[in-house]
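Chain C is fixed; fit chain U onto it per the hints.
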Amino acid sequence: MASTDTPRGLARAFVPGRPVLVAYVMAGYPDREGSLAALEALARGGAGVIELGVPYADPVADGPVIAEAGKVALANGFGLAESIALAAEFLAAHADAPPVALMTYLNPMMRLGFERVAALAAGAGVSGFIIPDLPPDSPFADRWLAASESLGLDTVFLAAPTSTPQRLAALGARSRGFVYVVSSLGVTGERAEVAADLAALVARVREHTQLPIAVGFGVGTPEQAAAVARIADGVVVGSAIVRRQTDAEALEVFVCELVSAVKSSA
Amino acid sequence: MSEALLPSADEAYSSPDAQGFFGPYGGTFVPETVMPVLSELDAAYREALTDPAFAEELRVLLADYVGRPSPLYRADRLAEATGLGAVYLKREDLNHTGAHKINNTLGQCLLAKRMGKGRVIAETGAGQHGVATATTAALMGLECAVFMGTEDIRRQSLNVYKMRLLGAQVVPVAEGSGTLADAVTAALRHWVERVEDTFYVIGSVVGPHPYPAMVRDFQAIIGEETIAQIATKAIPRVDAIVACVGGGSNAAGMFYPFLRVVPAEKRPLLVGAEAAGLGLDTDKHGAALTKGSPGVLHGFYSYLLQDESGNPLEAYSISAGLDYPGVGPEHSFLKDEGLVRYEAVTDQEAVDAFALLTRTEGIIPAIESSHALALLPRLAAELGPDAVVIVNVSGRGDKDMDIVREAGLGVD
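First to last, the protein sequences are chains C and U. Straight run, no breaks: the first sequence in this note's numbering ends on number 702. Straight run, no breaks: the second sequence in this note's numbering ends on number 432.
Pulled out of the complex, with its shape left as it was, chain C reads as follows (with noise of 0.2 Å):
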């Protein structure tokens, strides 16, 4: 178990003219051993914020790659319960790792309870959660604030190309550590190319909230990173991530790659 009563927020990784990398990795994926040590690879290659994926057996979200490392993991037993415990063990073993957010769909949520949830993560050291088919204006989102904010919980809420002003503000005003923008429509996955309007669109989210924004959703190479580093505060590489999840050593140099790259971009 961590040290702290109180998780360490998510906005401490970030500061302003300073992009990070946030590097998303599956929790059991190609096995226990092997996502702790990828975690270690993450924490050692410099990621700022690292999101740690909870396998769910309809990722609704997610593209082949992740999806793949999550039916490996399930197959190892992996769930949302066994994700935070190597997430307590990875924090309570690095005292300087960078802050932890599980990313997770809701249904695993719901049928281990909130207030459990929001108990074993606080618990664990876990900064954040990002919850992809969780809309900050559902009841649901409500009942799930009211469990783990007061434990020092942020909660991240997702931004699209087709979210309306009004959503903007209310996801804006819900977000806690930072807010997620999907750029571009589609699951999670490498592109050819970063979305040409990504600017305007980081600009409009920017008209609804202070907190830093991170872009993810087909960034997977350094030239990639650097580009979009030079207009959000966080970089999310997910899929080209996990792609080398079963060679920690790969995964470091990868990893020192895109944060040079994110750094260089500055």
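For the record, the hints were derived by calculation from the structure and aren't laboratory data. Treat the hints with care, since some could be wrong.
To be verified - Straight-line Cα separation of at most 30 Å, DSS-like style, residue types lysine-lysine; simulated pairs:
| no. | chain 1 | residue 1 | chain 2 | residue 2 |
| --- | --- | --- | --- | --- |
| 1 | C | Lys-507 | U | Lys-311 |
| 2 | U | Lys-304 | U | Lys-253 |
| 3 | U | Lys-182 | U | Lys-137 |
| 4 | U | Lys-304 | C | Lys-507 |
| 5 | U | Lys-253 | U | Lys-286 |
As the list claims (entries may be wrong) - Which stretches of chain C does chain U cover? Using the computed rule of at least three CB atoms under 8 Å from a CB of chain U, they are:
| no. | stretch |
| --- | --- |
| 6 | 453 to 466 |
| 7 | 493 to 504 |
| 8 | 510 to 519 |
| 9 | 612 to 622 |
| 10 | 668 to 678 |
Just so it is clear, the structure is predicted and the values come from calculations on it, not from any experiment. Ideal Cβ placement from N, Cα and C applies to all residues, glycine included.
Below, chain U alone, put in the same frame as chain C:
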């Protein structure tokens, strides 16, 4: 659509609320990309409901293209064989394309056109909704892609061929068990990429708001006609009405008007039949209401077959239209409120009922609808030999020849 579908203040039964909740069930739990599109759809649907031109266009299509009203047929030999006073069959199997599904696809595709979308997608299990969507797309000049699990493609090859003939692209989905739930997920994912030019025609009373209410409203013509036909035929008393439940659209369409306009004390017993597959004591069934627990899948909160970690389980049924791990949120609400009773029917009971209707009435029902027919002997035991029961025969069984042959229904 008739005037009676317009919301009115004095309704006894008025679910869902503005956010799409039937009691605690339903709602909208989808990625943000789709949220604004669902709001647009909800607004467009509400607007269409108040437009007499929309209602008239749909009415004409339902009458002249689908062949509505579908008959309410008195099946005397079936009644005798099952020990009931009378059995009436609501013949949705006689609709163009052979099932109730087209009532909904016509409504949604008209809405797609109204919203300026030139392309529609759909998921399908048994292939009936896929065929209905492909048919409607051909009729209205819309581009169409249908997502279908590879196992269902195997089980329903005739419908796959029909969809292609009609000009639709059939997209095979190999993920998971290659059945209906996987097809829904694939369609949802595709929709997230193509929301701007694509309308998702959901085939049952499932999915995020406004789909469960909208699909029910388009299917409500089944129950409305039945109420009118009971009066026209001067049927003095109806004791029970049964319909099969996978996602639950034909059942919702049949039950909703009875819930809305018939006072509780005069209302027949409403019974939904879900798939017990190889038995409720096995893990091979699709009985979400009987054996599931509340959870979120495909954007809505409802009873769900799920594991300890909240992962949806693979459902099973001999019927490709009923092997879905979830169920429409309104059915969860109706179950909890005690307004509808839900029972589970095994593969074998459904096959027996299929054979019985075929041999007593010369009507070959869909294997889905056969689950509803299988409740007749149970209702006879419960309600007595004078009881009058209406069965919604949601589709015809042409597509199921291979399945019943495999199940051992031989010709001696």
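8 Å C-beta test of the stretch 668 to 678 of chain C against chain U, three or more residues: violated (count 0)
Given hint Lys-286 of chain U paired with Lys-253 of chain U - CA-CA distance at most 30 Å: 18 Å, holds
Given coverage of the stretch 612 to 622 of chain C by chain U, checked by CB-CB distance under 8 Å (3 or more): Per the Cβ count (3), the hint holds.
30 Å Cα cutoff - pair Lys-304 of chain U, Lys-507 of chain C: Holds. Lys-304 of chain U to Lys-507 of chain C sits at ~21 Å (cutoff 30 Å).
Restraint status (C-alpha distance of Lys-507 of chain C to Lys-311 of chain U at most 30 Å): 25 Å, holds
Lys-304 of chain U paired with Lys-253 of chain U [C-alpha distance capped at 30 Å]: 42 Å, violated
Outcome, coverage hint (the stretch 493 to 504 of chain C, chain U; C-beta under 8 Å; three residues): holds (count 5)
Within 8 Å of chain U's CB atoms, at least three CB atoms from the stretch 453 to 466 of chain C: coverage verdict: Not satisfied, violated; 0 residues make the cut.
Cβ contact check, 8 Å cutoff: the stretch 510 to 519 of chain C against chain U, three residues minimum: Held - the stretch 510 to 519 of chain C has 4 residues with a Cβ nearer than 8 Å to chain U, which meets the minimum of three.
Hint consistency between Lys-182 of chain U and Lys-137 of chain U [alpha-carbon to alpha-carbon, up to 30 Å]: 24 Å, holds
In summary, the numbered hints that this structure violates are 2, 6 and 10.
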